[in-house]
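K.L.:
What follows is the residue order along each chain.
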Amino acid sequence: MKAPLRVWAGVALVVVSLLLLPFALAYAGTAWVRIANFAILYVLLALGLNIVVGFAGLLDLGYIAFYAVGAYVYALLASAHFNLHLPFWITLPIGASVAALFGIVLGAPTLKLRGDYLAIVTLGFGEIVRIFLVNLSRPVNITNGPQGIAGIDPFSIGSMDFSKSENLLGVDVSGPIKYYYLLLAVTVAVIVVNIRLQNSRIGRAWEAIREDEVAARSMGINTRNLKLLAFAMGASFGGLAGGMFSAIQGFISPESFILVESIMVVSMVVLGGMGNIWGVVLGALLLSFVPELLRWTVGPVQEALFGRQLVEPEVIRMLIFGFALVLIMLFRPAGLLPSEVRRRELTGQST
Amino acid sequence: MDTFLQQLVNGLTAGSVYAVVALGYTMVYGIIQLINFAHGEVVMIGAMVAFTVINAIAPSGMPPLAVVLIGTSAAIPVCMLVGYALERLAYRPLRHAPRLAPLITAIGLSIILQHLALLVWSRNILAFPQIIELRTFTYFGATISNVQLAIVAVCLAMMAALALLVYRTRLGTAMRATAQNPQVAGLMGIDVNRVIAVTFVIGAALGAVAGVLFGTYYGIAQYTMGSVLGLKAFSAAVLGGIGNIPGAMLGGVLLGLVEALGAGYIGEFTDLCQYAWLAGGIDACGGGGHFILFGSNYQDVISFLVLILVLVFRPSGLLGERVGDRA
Numbered sequence: 001m002k003a004p005l006r007v008w009a010g011v012a013l014v015v016v017s018l019l020l021l022p023f024a025l026a027y028a029g030t031a032w033v034r035i036a037n038f039a040i041l042y043v044l045l046a047l048g049l050n051i052v053v054g055f056a057g058l059l060d061l062g063y064i065a066f067y068a069v070g071a072y073v074y075a076l077l078a079s080a081h082f083n084l085h086l087p088f089w090i091t092l093p094i095g096a097s098v099a100a101l102f103g104i105v106l107g108a109p110t111l112k113l114r115g116d117y118l119a120i121v122t123l124g125f126g127e128i129v130r131i132f133l134v135n136l137s138r139p140v141n142i143t144n145g146p147q148g149i150a151g152i153d154p155f156s157i158g159s160m161d162f163s164k165s166e167n168l169l170g171v172d173v174s175g176p177i178k179y180y181y182l183l184l185a186v187t188v189a190v191i192v193v194n195i196r197l198q199n200s201r202i203g204r205a206w207e208a209i210r211e212d213e214v215a216a217r218s219m220g221i222n223t224r225n226l227k228l229l230a231f232a233m234g235a236s237f238g239g240l241a242g243g244m245f246s247a248i249q250g251f252i253s254p255e256s257f258i259l260v261e262s263i264m265v266v267s268m269v270v271l272g273g274m275g276n277i278w279g280v281v282l283g284a285l286l287l288s289f290v291p292e293l294l295r296w297t298v299g300p301v302q303e304a305l306f307g308r309q310l311v312e313p314e315v316i317r318m319l320i321f322g323f324a325l326v327l328i329m330l331f332r333p334a335g336l337l338p339s340e341v342r343r344r345e346l347t348g349q350s351t
Numbered sequence: 001m002d003t004f005l006q007q008l009v010n011g012l013t014a015g016s017v018y019a020v021v022a023l024g025y026t027m028v029y030g031i032i033q034l035i036n037f038a039h040g041e042v043v044m045i046g047a048m049v050a051f052t053v054i055n056a057i058a059p060s061g062m063p064p065l066a067v068v069l070i071g072t073s074a075a076i077p078v079c080m081l082v083g084y085a086l087e088r089l090a091y092r093p094l095r096h097a098p099r100l101a102p103l104i105t106a107i108g109l110s111i112i113l114q115h116l117a118l119l120v121w122s123r124n125i126l127a128f129p130q131i132i133e134l135r136t137f138t139y140f141g142a143t144i145s146n147v148q149l150a151i152v153a154v155c156l157a158m159m160a161a162l163a164l165l166v167y168r169t170r171l172g173t174a175m176r177a178t179a180q181n182p183q184v185a186g187l188m189g190i191d192v193n194r195v196i197a198v199t200f201v202i203g204a205a206l207g208a209v210a211g212v213l214f215g216t217y218y219g220i221a222q223y224t225m226g227s228v229l230g231l232k233a234f235s236a237a238v239l240g241g242i243g244n245i246p247g248a249m250l251g252g253v254l255l256g257l258v259e260a261l262g263a264g265y266i267g268e269f270t271d272l273c274q275y276a277w278l279a280g281g282i283d284a285c286g287g288g289g290h291f292i293l294f295g296s297n298y299q300d301v302i303s304f305l306v307l308i309l310v311l312v313f314r315p316s317g318l319l320g321e322r323v324g325d326r327a
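In order, the protein sequences belong to chains A and B. Everything in the first sequence is counted per the numbering used here, starting at 1 for the first residue and increasing by one. Everything in the second sequence is counted per the numbering used here, starting at 1 for the first residue and increasing by one.
Source of the hints: derived by calculation from the structure; they are not laboratory data.
Simulated coverage check for chain B against chain A, where a stretch passes if three residues somewhere in it have a Cβ under 8 Å from a Cβ of chain A:
(1) 94-101
(2) 108-120
(3) 297-308
Source: prediction; values computed, not measured. Heads up, the beta-carbon is just placed ideally off N, CA and C, and yes, glycines get one too.
Let's have the full structure, built from the sequences with the hints guiding it.
P.N.:
Here you go:
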């Protein structure tokens with residue numbers, strides 16, 4: 001099938017604007033490039049969680065634990081903490097695999113649980129991982145406890161160090177901009193993998209499990225293995241994102257992996273539309289950028305009106321997450337960009 | 001032995017509070033099969049309101065018991081109102097939606113309540129004023145305070161009252177009928193919507209008192225106190241068999257005991273120096289040293305582990321008859 005010229009033009013426009021975006025953002029301040037980078041990290045996380053929640057229908061409220069595992073594996077293998085400085089092309093796969101292993105460890109005992117119980121168990125699992133991160137500094141110092149690990153190596157390819165600015169082809173490229181392109185490349189790859197997955201035999205089997213597990217099993221689908229696979233794949237994407245977070249930030253502590261972060265990623269998936277890849281991307285971008293915009297506007301507006309800051313931006317951000325979850329469920333339960341199947345299911349229309 | 005008895009007393013105190021909070025989860029679950037995720041925040045709001053009132057009137061020199069009673073009776077109606085609002089605005093419209101929907105709303109509500117509390121009370125910790133004269137009694141080497149005794153007594157009284165309400169009154173009969181089959185209960189002339197709302201309100205009132213007790217026991221209240229307490233109480237409800245009222249009471253007390261005994265002994269059991277075949281290889285053990293793998297700071301892990309183990313091996317809980325697998 002040949003796509004019409006208009007479609008190609010549209011794609012080209014999107015590609016060019018994504019490539020030019022960091023320079024436009026850098027114009028407004030390097031802080032905005034960093035914000036964009038974190039937004040892309042959340043897109044990665046939301047896409048990973050979407051495999052578990054959106055495709056396979058398993059509500060995971062402890063997803064941030066896998067992000068934490070990936071981040072800590074990277075930090076331990078590439079920092080002064082153990083005096084190991086392995087390159088990222090070794091540490092990132094290790095981080096993703098360890099996270100996948102954790103996914104299976106979580107998935108195996110919870111296979112028989114149904115939706116809401118599963119949610120609570122995964123939530124408990126996330127907390128357990130966090131408590132271990134806080135306390136595993138004694139008797140042997142593994143995680144350095146609440147202080148976290150600092151001085152984590154940035155990515156470097158050959159002599160190019162991602163944390164430093166340099167002059168490429170006559171253009172000044174700062175560290176965050178380099179990370180932006182890297183993240184963008186990884187995200188595009190992950191999106192392609194997700195699209196391929198969704199339309200594959202595995203993806204359709206997940207969908208069958210989500211709709212009716214008993215029926216799926218009687219159709220010969222190995223529900224146990226496929227659910228474990230969903231946990232493992234979702235977790236490995238989380239681990240990958242965690243490793244990149246470690247490198248970009250250069251410092252990690254258990255503070256970054258609290259329950260609220262898990263809920264934030266769930267909100268992104270739910271807001272965008274569970275099961276729809278583009279919806280999830282939209283949800284992640286909206287919930288990352290809108291609070292930042294508010295941070296820059298609400299503060300000054302309050303200063304001007306009341307002479308002081310009445311409501312912290314952080315509180316507003318959290319209230320937005322809360323209301324987004326409630327209002328979406330009440331008025332648009334399938335999300336902003338619903339997946340086709342979900343729409344049918346939730347509005348009760350037959351095809 | 002001293003540690004054992006002491007941890008038994010502490011576990012019983014915390015456990016009876018867990019039991020009362022667990023009742024809130026289990027009543028709602030029993031009647032509409034919904035995990036009211038925001039219940040922990042209702043408990044938190046109860047504690048915060050009561051502490052605000054108590055701190056305001058404490059300097060007036062009223063007797064301590066009266067101060068606490070006034071604080072609690074201010075908290076109860078506020079929590080009842082919150083409980084009613086939750087049911088009316090967020091859960092009732094979703095009663096026939098797919099199961100994931102009300103759960104996600106509940107998470108959203110709990111974030112909203114927590115941050116509204118943050119707006120009202122700020123991040124500061126509210127302390128319980130020094131008005132109660134702490135008296136302690138020592139039996140067999142274990143110390144129990146008058147506050148602990150009062151907490152256990154109040155919890156027992158509330159559980160007894162709830163049991164009477166559910167098993168001996170018309171309202172209780174209506175609640176049990178609705179739990180069994182809402183459609184048929186409706187045909188029998190029971191106002192199902194009203195019964196469900198009343199269940200939420202009663203659960204919230206119990207939560208308010210539990211919040212005050214919990215805050216009084218630890219001497220502090222903060223806007224974040226609801227989430228972990230709620231999670232533990234939910235674990236307790238699952239342990240006893242969710243939807244089952246005696247189960248929640250049993251589960252709460254058991255969880256409190258397991259947690260306290262676990263925290264008391266985990267350090268001792270995981271001190272690798274006591275195992276001769278290991279101690280030789282560990283430098284820290286020389287000269288009577290310790291090499292404690294997991295200390296009491298892992299206390300919170302214990303309740304989550306209990307939750308996971310129960311769900312894996314006995315999803316219907318200790319007293320539950322319902323099968324957990326109703327996908």
